[in-house]
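**Student:** Listed here are the chains, written in short residue letters.
Protein chains: 2
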Amino acid sequence: MNDVEKFEALCRHAKEIKYLESTNALLEWDQQTKLPSGGGAYRAEQLTFLAGEIHRRSTDPAYGELLGELSNSELVSEPNSDVGATVLELKHRYEKKSKLPKRLVEELARACSLGQQVWIEAREQDDFSKFAPSLKQLFSLKREEAEAVGYEDTPYDVLLDDYEPGATTREVAAVLAALKDELVPLIEAVRCSDRTPDISILRRSYPIAAQAEFGRLASAAIGFDYERGRLDTTHHPFCAEMGPSDVRITTRYDASFFNSSFFGTLHEAGHGIYEQGLRSEQYGLPPGSYCSLGIHESQSRLWENLVGRSRAFWERFFPQAQSFFPEALKDVSQCEFFAAINDVRPSLIRVEADEATYNLHIIIRFQLEQAVIEGALDTDDLPEAWNAKYQEFLGIQPESNANGVLQDIHWSAGLVGYFATYSLGNLYASQFFDAAESELGDLDQAFKAGEFSMLKEWLNRKVHQQGARCRSKLLGESVTGQSLSHQPLIRHLRDKLSAVYDF
Amino acid sequence: MNDVEKFEALCRHAKEIKYLESTNALLEWDQQTKLPSGGGAYRAEQLTFLAGEIHRRSTDPAYGELLGELSNSELVSEPNSDVGATVLELKHRYEKKSKLPKRLVEELARACSLGQQVWIEAREQDDFSKFAPSLKQLFSLKREEAEAVGYEDTPYDVLLDDYEPGATTREVAAVLAALKDELVPLIEAVRCSDRTPDISILRRSYPIAAQAEFGRLASAAIGFDYERGRLDTTHHPFCAEMGPSDVRITTRYDASFFNSSFFGTLHEAGHGIYEQGLRSEQYGLPPGSYCSLGIHESQSRLWENLVGRSRAFWERFFPQAQSFFPEALKDVSQCEFFAAINDVRPSLIRVEADEATYNLHIIIRFQLEQAVIEGALDTDDLPEAWNAKYQEFLGIQPESNANGVLQDIHWSAGLVGYFATYSLGNLYASQFFDAAESELGDLDQAFKAGEFSMLKEWLNRKVHQQGARCRSKLLGESVTGQSLSHQPLIRHLRDKLSAVYDF
Chain A
650 MNDVEKFEAL
660 CRHAKEIKYL
670 ESTNALLEWD
680 QQTKLPSGGG
690 AYRAEQLTFL
700 AGEIHRRSTD
710 PAYGELLGEL
720 SNSELVSEPN
730 SDVGATVLEL
740 KHRYEKKSKL
750 PKRLVEELAR
760 ACSLGQQVWI
770 EAREQDDFSK
780 FAPSLKQLFS
790 LKREEAEAVG
800 YEDTPYDVLL
810 DDYEPGATTR
820 EVAAVLAALK
830 DELVPLIEAV
840 RCSDRTPDIS
850 ILRRSYPIAA
860 QAEFGRLASA
870 AIGFDYERGR
880 LDTTHHPFCA
890 EMGPSDVRIT
900 TRYDASFFNS
910 SFFGTLHEAG
920 HGIYEQGLRS
930 EQYGLPPGSY
940 CSLGIHESQS
950 RLWENLVGRS
960 RAFWERFFPQ
970 AQSFFPEALK
980 DVSQCEFFAA
990 INDVRPSLIR
1000 VEADEATYNL
1010 HIIIRFQLEQ
1020 AVIEGALDTD
1030 DLPEAWNAKY
1040 QEFLGIQPES
1050 NANGVLQDIH
1060 WSAGLVGYFA
1070 TYSLGNLYAS
1080 QFFDAAESEL
1090 GDLDQAFKAG
1100 EFSMLKEWLN
1110 RKVHQQGARC
1120 RSKLLGESVT
1130 GQSLSHQPLI
1140 RHLRDKLSAV
1150 YDF
Chain B
650 MNDVEKFEAL
660 CRHAKEIKYL
670 ESTNALLEWD
680 QQTKLPSGGG
690 AYRAEQLTFL
700 AGEIHRRSTD
710 PAYGELLGEL
720 SNSELVSEPN
730 SDVGATVLEL
740 KHRYEKKSKL
750 PKRLVEELAR
760 ACSLGQQVWI
770 EAREQDDFSK
780 FAPSLKQLFS
790 LKREEAEAVG
800 YEDTPYDVLL
810 DDYEPGATTR
820 EVAAVLAALK
830 DELVPLIEAV
840 RCSDRTPDIS
850 ILRRSYPIAA
860 QAEFGRLASA
870 AIGFDYERGR
880 LDTTHHPFCA
890 EMGPSDVRIT
900 TRYDASFFNS
910 SFFGTLHEAG
920 HGIYEQGLRS
930 EQYGLPPGSY
940 CSLGIHESQS
950 RLWENLVGRS
960 RAFWERFFPQ
970 AQSFFPEALK
980 DVSQCEFFAA
990 INDVRPSLIR
1000 VEADEATYNL
1010 HIIIRFQLEQ
1020 AVIEGALDTD
1030 DLPEAWNAKY
1040 QEFLGIQPES
1050 NANGVLQDIH
1060 WSAGLVGYFA
1070 TYSLGNLYAS
1080 QFFDAAESEL
1090 GDLDQAFKAG
1100 EFSMLKEWLN
1110 RKVHQQGARC
1120 RSKLLGESVT
1130 GQSLSHQPLI
1140 RHLRDKLSAV
1150 YDF
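Chains as they are written, first to last, in our numbering: chain A, 650 to 1152; chain B, 650 to 1152.
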């Protein structure tokens, strides 16, 4: 085989792995949305089997050999080209995975599948003890994973790299620390303001059928394509792709809270728009894959917060919201509504937190899981540690574990090292939005006219179609001309909040 | 390896194939019920890939060697024991599949997946020409399949054996001919009666939400377990299992026709009850698999017709039906309703046909597909041939292909040789029901009291838990003490219809 033939064989192999991964994504989506309660045990077996198959192919020595040869060929002379990035990125993943024994991969898959089912029950019954053994096992397996791969600084680096390739714990901790240092006085300024948005208007009766329809309408308006995706209901909202034109988002409804499903839907639609914007013909290969979870999250946060919580957006959508929810909103002004959805106030549930305090929720989880992975904290002590951190950072404590340590699906699904990417996403979102406005001009007029495609197409071009040809750090720099920083986010928050709270 | 170790290796291999097959079942169920319209092309690729994987493992020479060795061992001294049947049945499947080239298997999978999507459109648009190329290709591939496997009498034998292992075209044609000979005068007797049930009462307004709830209630009452299954909406109703406790049925609703979804739901629930009644610990192995599609259909027909269309059943359910559909049924008596749902009258849509003429729909399809496979009929001429047969057998012709040759999903999904099993099911259903009543006594009192578990448990024991340890012919004989015959069905129909139509 010459290099070109080898490269074709490589792509074929990667695309076959993707058939299994996308099938796996369907099994998982189905488990969250449709699986009969009795079907859990066998679904866990199916997922375990498939994980083993994916691992076997991903670590096939013949595949490794191909990657080794190609990474020494002319083809990688441009590391960020389609071909170069394909070889180098697949090689990075191969090397990482090859270090994991099949037994560990299968145990993790089984523990995650069963863990999620146990978590759902434990959360419903507000019974941490029910989930505790699964949680202990999961963290112990993740630590084992880090040891198997190896690290220089901290085992947490290995886990972080799964979600934000190339990022280090040290760098991330530093940027989050800087963010926190500026957030705390900003949140304090809000607290000291005499203005208090009336958030009770968001807690009125919002019939679920109307929420579903309105959420669908808004997510379609910003560009989520329902011919290439769908929306379902789950415990914990997520976005999953199981094909280049099959991107599924989920949400959960609370009949007496507007934000939960509406901003959740915009958020997941933002993820979905990213997936739908990737290059289909490169599906299953790095140039057609998302860059990192931080970049993924930047897309969801951008649509959720920078668009969906903007004044211009509600110029367009508030009259429609009033017609969908006449009971709840008939006596509410657009200005009151805008203040309410931008209210900043310590709260307990991450996915319902405001744009500013949200990052404190993340930093808590980032610190806790780092401590567990580094052996400084036992999983059995997580509820107490969780509550203590909430007291320290936000001045409040959950009255139940269901609203505390049990609220997120992540750990039950083995997603350790993942949380930080949410705040990285907030940082990138502000930087991308600034860059878009500096190229396209002020976007408010477009938003007021219900025109979002200009921004979407800019993101398609600048971010989505770049895929994973370079790491997030480089992508951010090349799109914005700036390195990663907390300042654009802080500036954005300060501008908006100083207007809402008049400081 | 000793024989026991070999047998364990065999079971492991078979269960791994089942992981892939049950995953495949989910991909297909999802395609029918949830897949976004844009997702079809990639789903076809996934199914093609998975079909190839299943075929590769099902025809793995090492697996064949294991089967060869075990089939000469002591373990098969009792061919209908768990162990014996596992070896012999898997060997039969292995030998059949090994004869199919991987290329053909993959082409078939692709053609079926795309064929179903084309069929849905062609049917919606009533445009046979749109579906014609797919149909031609599908039948040609099925003929190729029969040639690859080889046959003595007719290529159709090979296809029939896929669904009714061990049955021959000759035998099936004979029993269907005998059935037809008695059906025709019986239907003629109905036609000559002065009584005409008022079937317009079934064509009133039956709101879909109420139909869904009532169908769910009735299917749960007869024993379909919703903790181990679910019910969704599709174009063409089906039942699919994707795990020992994950059995999914589908139905379609017509807001102005009661029968379509109600009896369809009971029918699919009957299939589901069979799947849920199989031995879980043998899942993926012949003793934990259905015996044949004829036996499968006997279970759906038994619950749909012998239970669901009985007078005793409606003693229980008619008052509930009146409360679900007060507008439609307030002025209808139980007796009028019972006559209407047992009305016998030539009609165009198989799945909505009555218990008696239904078999003529089947015999038409059986004869047409046999003719195509044997080269006596071109697929392009199917619409004309279809219409001519309907004229000949039922005295009516469809006004459109959508209500004619395009009405069934089967051919688009490559299911050729399948239709006959529907009538075999009707025959077995009557024989099983007679056997149950001769052991358990008259079941009417139980049905009137809403008590169906006695019958369900009898079927669990006598039929479901036997799995595929023996062929359908032998199973029928051992459960009923009789060989396959058209007479119990004819007797059952004559008893009921002579009362309804007074002849």
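Since the hints were made in silico from the structure, they are not lab data. Please note that a few of the clues may not be correct.
It does not matter which identical chain is meant; a pair holds if it fits inside one copy or across any two.
Okay, derived cross-link-like pairs now, DSS-like style, lysine-lysine, Cα gap no bigger than 30 angstroms in a straight line [unchecked claim]:
1) K979 x K751
2) K1097 x K1038
3) K751 x K779
4) K751 x K655
5) K745 x K979
6) K751 x K664
7) K683 x K664
8) K746 x K664
9) K655 x K979
10) K751 x K1097
11) K1038 x K751
Since the model is a prediction, treat every value here as computed from it, not as a measurement.
**Student:** Any hints from earlier that this structure breaks? Give me their numbers in increasing order, please.
**Tutor:** 1, 2, 5, 9, 10, 11
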